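What follows is each chain in one-letter form.
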Amino acid sequence: MPGKVKEIERKPLSLAEKTFLPQIVSGLKVTCANMLRKKVTREYPDVLPPIPPGYRGMPTLVKDPDGREKCVSCQLCEFVCPPKAIRITPGAIPEGSPNAHVEKAPQEFEIDMLRCIYCGMCQEVCPEEAIFLQNKFTLNGLSRQELVFNKERLYEAGGTLQDQHFKWKKKKEAEEHGNAQH
Amino acid sequence: MDWIQLAIEAGFGLAFIIVVMSMAGLTVVAERKFCGFIQGRLGPNRTTIPILGSIPFFGRLITRMGLFQLVADGSKFLFKEEIVPGHVNKFYYNLAPIVALIPPLVPLVVLPFGQMTLADGTIRQLIIANVDIGMLVILAFSSLGVYGTVLAGWAANSKYPFMGGIRASAQMISYELTMGLSILPVFLWANVPGSTEGLSIANIVVFQQTHWFVYLQPLTALLFLVALFAETNRAPFDMAESETDLVGGFHTEYGAFKFGIFFVSEYAHVIVGSGLFVLLFLGGSNFLPMLPNPWPIGIPGAILSTLWFIAKTSALVFFFIWIRWTLPRFRYDQVMNLGWKMLLPVAIANLVFVMVLLAKITPVAAQ
Numbered sequence: 013m014p015g016k017v018k019e020i021e022r023k024p025l026s027l028a029e030k031t032f033l034p035q036i037v038s039g040l041k042v043t044c045a046n047m048l049r050k051k052v053t054r055e056y057p058d059v060l061p062p063i064p065p066g067y068r069g070m071p072t073l074v075k076d077p078d079g080r081e082k083c084v085s086c087q088l089c090e091f092v093c094p095p096k097a098i099r100i101t102p103g104a105i106p107e108g109s110p111n112a113h114v115e116k117a118p119q120e121f122e123i124d125m126l127r128c129i130y131c132g133m134c135q136e137v138c139p140e141e142a143i144f145l146q147n148k149f150t151l152n153g154l155s156r157q158e159l160v161f162n163k164e165r166l167y168e169a170g171g172t173l174q175d176q177h178f179k180w181k182k183k184k185e186a187e188e189h190g191n192a193q194h
Numbered sequence: 003m004d005w006i007q008l009a010i011e012a013g014f015g016l017a018f019i020i021v022v023m024s025m026a027g028l029t030v031v032a033e034r035k036f037c038g039f040i041q042g043r044l045g046p047n048r049t050t051i052p053i054l055g056s057i058p059f060f061g062r063l064i065t066r067m068g069l070f071q072l073v074a075d076g077s078k079f080l081f082k083e084e085i086v087p088g089h090v091n092k093f094y095y096n097l098a099p100i101v102a103l104i105p106p107l108v109p110l111v112v113l114p115f116g117q118m119t120l121a122d123g124t125i126r127q128l129i130i131a132n133v134d135i136g137m138l139v140i141l142a143f144s145s146l147g148v149y150g151t152v153l154a155g156w157a158a159n160s161k162y163p164f165m166g167g168i169r170a171s172a173q174m175i176s177y178e179l180t181m182g183l184s185i186l187p188v189f190l191w192a193n194v195p196g197s198t199e200g201l202s203i204a205n206i207v208v209f210q211q212t213h214w215f216v217y218l219q220p221l222t223a224l225l226f227l228v229a230l231f232a233e234t235n236r237a238p239f240d241m242a243e244s245e246t247d248l249v250g251g252f253h254t255e256y257g258a259f260k261f262g263i264f265f266v267s268e269y270a271h272v273i274v275g276s277g278l279f280v281l282l283f284l285g286g287s288n289f290l291p292m293l294p295n296p297w298p299i300g301i302p303g304a305i306l307s308t309l310w311f312i313a314k315t316s317a318l319v320f321f322f323i324w325i326r327w328t329l330p331r332f333r334y335d336q337v338m339n340l341g342w343k344m345l346l347p348v349a350i351a352n353l354v355f356v357m358v359l360l361a362k363i364t365p366v367a368a369q
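If you read the protein sequences in the order shown, they are chains A and B.
Just so you know, we're using this note's numbering here: the first sequence kicks off at 13 and counts up by one.
Just so you know, we're using this note's numbering here: the second sequence kicks off at 3 and counts up by one.
To be clear, the hints were calculated from the coordinates, so they are not data collected in a lab.
This one's a predicted model, so the numbers in the text were calculated from it and none came from an experiment.
Treat each hint with caution, since some may be false.
[To be verified] Below, in silico cross-link-like pairs of lysine-lysine (DSSO-like), each with a Cα-Cα straight-line distance of 27 Å or less: (1) A:Lys96 / A:Lys163; (2) B:Lys92 / A:Lys41; (3) A:Lys182 / A:Lys148; (4) B:Lys82 / B:Lys92; (5) A:Lys16 / A:Lys30; (6) A:Lys23 / B:Lys343; (7) B:Lys343 / A:Lys30.
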């Protein structure tokens, strides 16, 4: 494209430029300004980086505000999980439990963090909004076995998340009022 | 022989070496710290010693300043395994670090580091050996410094150290000339006709009580500074150890404590060079130009003036660090061109100019 090429004439260096001195002085000014500027270092283990919303960290199980475990062991996440990191042993909810109206609960729920690829498909597929990829991104252990998280550790890591629907609670209330559907 | 005098001088010498060596260590930390600052980082600030580091205020301050890093680095160099590669010439390989460390330390004896005002008003320069060939001693020993580098490069018996050694010697020879020629105008100026002080550095310091040479002869100061950078093998003239093209240069095959000695000798060189520049151009232990020295009579004045000299030297060491992290390294042929085609002619012209100037302004009667 001859029309778009702009040729710049290279001027010969002036005497001051040949001595390098003006350039050195301007360089010193730049580094001096840098020295006085605020440092960009984040002292990582002491100061954690801000984590953006939607970040996919470690997968965790969550409870609803009433303290009920939300997972109903439908095993959709287990089936969708690409690296097969999730293993669920479904179990029944004992009679007389306050959560007896919920169909099922996992007897054991294991996620192998060494297999997990943090794709977030489990979170996307979960009909109960029971599994969430949260902020935690540093996982380490001394053995492979230690990094297979069981149900207890997953709930401990997950905590309680605000529930938008209270699906099972509403269903129970609707049944108590004699409605088939809420 | 006055034994007390001898003991005092030996004590001074020992104290001098301790001060310079600890300043060399501190310079290493300062270098890393300021390099970090220039690059927007914090520099070393986490290394700590269990009990000392937990002292409420100072422990944390020293940790953040990175001073414990000095201890950590030093002990690392001490306790690392000393590996002697199989292909080296063992005798010269072991000799080289010693040869590299001695030259920066010997010139200390002729550096006047302070001044003491006696009760009768006479001022005595504090110096271990006030010889009238002081400058010659410094020039002789600082050019011996290149032997450590060359010996290391040759004894290592592999190509990159060898090239580093060759470059160092070529560079030293080129800039030695400029350095010598940029010192002469100072001594010409300070020595009035008939003076017997010769090349004594104390004489230069006495001369600079009212006016400093840095503004009497700015071009000379600049030439000397550039030559000093080249002599100490510092960036932008660190040809001998240019990591990008020569791995580590002359100390590629060295490790552990022997490398540490090279490292310390480089920084000791920088400190002695800065001290020399302060003495020749920045007034040594004199307070400020055109102001009378405020040093009190006796020992307190001696200590104050010495501290002032150390402060000036530290400021210049900071300048060395600042330059290093500002300028890129010259290419080897550029270094040679600059040395032979620019600095040397300018230095000769400067010398002739000062000679003519002095001949004009000196009264005929004094000649």
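Checked hints:
1. A:Lys96 / A:Lys163: 16 Å, holds
2. B:Lys92 / A:Lys41: 47 Å, violated
3. A:Lys182 / A:Lys148: 32 Å, violated
4. B:Lys82 / B:Lys92: The given pair, whose Cα atoms are some 19 Å apart, holds under the 27 Å limit.
5. A:Lys16 / A:Lys30: Violated, because 32 Å separates the two Cα atoms, which is more than 27 Å.
6. A:Lys23 / B:Lys343: 22 Å, holds
7. B:Lys343 / A:Lys30: 12 Å, holds
When the structure is compared with the earlier hints, violations turn up for hints 2, 3 and 5 and for no others.
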